[in-house]
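If you're matching them up, the sequences are chains A and B in order. Position one of the first sequence corresponds to residue 0 (numbering that gives the first Met the number 0), numbered consecutively onward. Position one of the second sequence corresponds to residue 0 (numbering that gives the first Met the number 0), numbered consecutively onward.
Source of the hints: derived by calculation from the structure; they are not laboratory data. Wrong hints could be hidden among the right ones.
[Said to hold, decoys possible] Straight-line distance between alpha carbons at most 20 Å, and here's what the computed EDC-like set of lysine to aspartate or glutamate pairs gives:
1) A/Lys26 <-> A/Glu66
2) B/Lys248 <-> B/Glu289
3) B/Lys107 <-> A/Asp76
4) B/Lys3 <-> B/Asp220
5) B/Lys248 <-> B/Glu168
6) A/Lys32 <-> A/Asp64
7) A/Lys26 <-> B/Asp234
8) B/Lys268 <-> A/Asp7
9) B/Lys136 <-> B/Asp149
10) A/Lys26 <-> B/Asp116
11) B/Lys69 <-> A/Glu66
12) B/Lys135 <-> B/Glu166
13) B/Lys248 <-> B/Glu258
14) B/Lys69 <-> A/Asp7
15) B/Lys113 <-> A/Glu25
16) B/Lys69 <-> A/Glu5
17) B/Lys107 <-> A/Asp22
18) B/Lys87 <-> B/Glu166
19) B/Lys268 <-> A/Asp76
20) B/Lys69 <-> A/Asp76
21) B/Lys227 <-> B/Glu78
22) B/Lys268 <-> B/Glu323
[Said to hold, decoys possible] Per the computed footprint, the stretches of chain A lying under chain B, defined by three or more beta-carbons under 8 Å from a beta-carbon of chain B, are:
23) 9–19
24) 47–53
25) 56–62
Where a beta carbon is used, it is the ideal one built from N, C-alpha and C, also for glycine.
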Amino acid sequence: MNPVIELDARRLLCPMPVIRLQDCVEKQASGVKVRITCTDPGTMSDIPAWCRINGHRVLATEQLDHEYIFLVQKDPDGN
Amino acid sequence: MTRKAVALISGGLDSLLAAKLIQQQGIEVEGINFFTGFCVEGHTHAIRKHERNRVKRNNALWVAEQLGIKLHIIDIVDEYKDVVINPKHGYGANLNPCLDCKIFMLHKAQEWLKQHDFDFIITGEVIGQRPKSQRKKLMPVVAEESGADDLLLRPLCARSLPETLPEREGWVDREKLKDFSGRSRKPQMALAAEFGFEDYAQPAGGCCFLTDQSYSVKLQDLWDNRGKRDYELDDIMLLKVGRHIRPSKAFKLIIAREEGENQFLSGYKRQFQTISTVSHAGPLALIEGEPLDPQQLELACAITARYSKGRDADSVEMRFSDREQGSRRIHVKPLPAAQINPDWVIV
Ligand code: SF4
């Protein structure tokens with residue numbers, strides 16, 4: 000099992016969390032999972048949108064107090 | 000062979016239409032969007048609580064989704080500084096270096112195109128839409144200075160401009176491109192209706208905070224008081240938030256105007272000395288500048304107290320916190336509104 004890559008995007012405002020995720024995901028192989036923790040509520044719309052556009056999958060979304068956590072899998076179909 | 004175009008996607012209607020026109024000609028399109036730190040997208044919405052109920056979406060991502068294309072968001076914060084600080088072609092009405100900005104972005108797009116083996120670049124520019132940077136005679140300057148030359152196609156006004164490589168090579172049919180010009184938005188709106196696009200963003204003025212007068216005044220104040228024209232990402236983010244009050248050259252207060260800003264500013268407590276109100280509900284203020292002497296600190300507290308619910312009280316208890324160094328309480332009489340010198344307020 001590959002470990003999940005953790006990304007801390009707390010305090011960053013959109014689109015910076017998306018850029019962090021993008022730059023991380025780019026370097027990974029298909030199927031790799033990344034968990035990103037954000038505080039900007041805008042990520043609730045931006046991260047799923049970015050994933051839809053680029054063929055990645057949001058496996059889980061969680062909101063804890065002021066934190067928004069997304070578990071993303073890179074391009075599971077390997078497109 | 001399918002040709003590939005990279006589209007500069009700002010998030011506005013024009014870049015959406017331009018990309019759609021090219022897609023319709025069988026060209027494969029991907030988008031790029033540049034993050035300069037001054038972008039209007041997202042930030043203010045994320046910060047200000049009363050704007051949180053509005054639809055929060057990143058318009059560039061939305062545009063890409065409408066088109067069904069990939070979008071690459073590129074962080075150009077560091078490199079962009081030189082554009083803002085030393086624009087060769089000068090500024091627009093405020094500190095917006097639009098012409099240099101366009102040249103820079105197209106230059107970056109052209110680099111991207113080479114790295115990714117794309118064939119040409121498209122933008123949503125329309126002749127004469129913006130006062131300076133979209134004048135017809137400047138369009139060749141932008142194409143040439145950016146190095147994009149005739150790899151740059153502007154589908155919304157291409158028919159009024161000289162032929163470019165994609166047209167000459169027959170990759171796109173010039174006849175199917177547009178000849179829009181001027182400030183009217185009607186042709187774009189008609190085309191949007193034709194394509195069935197609704198709910199698109201209609202940015203007023205420019206695409207970034209540098210076209211905003213009040214923002215530019217704050218940036219100029221920052222440069223003047225630091226004695227140098229430079230900035231970090233945090234500086235330009237903070238210029239988007241709060242009331243900025245400079246009672247002396249030595250320091251400036253950034254005072255939250257509402258809860259969302261309070262929360263945003265509290266994220267800076269480890270970097271700045273701060274003042275908050277203890278005895279009443281009130282804003283958080285960041286102190287930017289040199290360490291304050293006792294008199295300056297008292298004034299800073301009295302100003303901050305003025306914006307608290309205790310503004311009419313005889314004495315308000317404030318907390319001064321010095322990053323990791325701990326905090327102490329200070330009692331002040333809030334400064335009456337009439338004693339806040341209008342010259343202190345940076346707008
Ligand atoms: S408004 Fe801002 S982002 Fe748009 S061209 Fe001008 S400087 Fe560049």
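Hints violated by the structure (numbers, ascending): 1, 3, 4, 5, 6, 7, 11, 13, 14, 16, 18, 19 and 25
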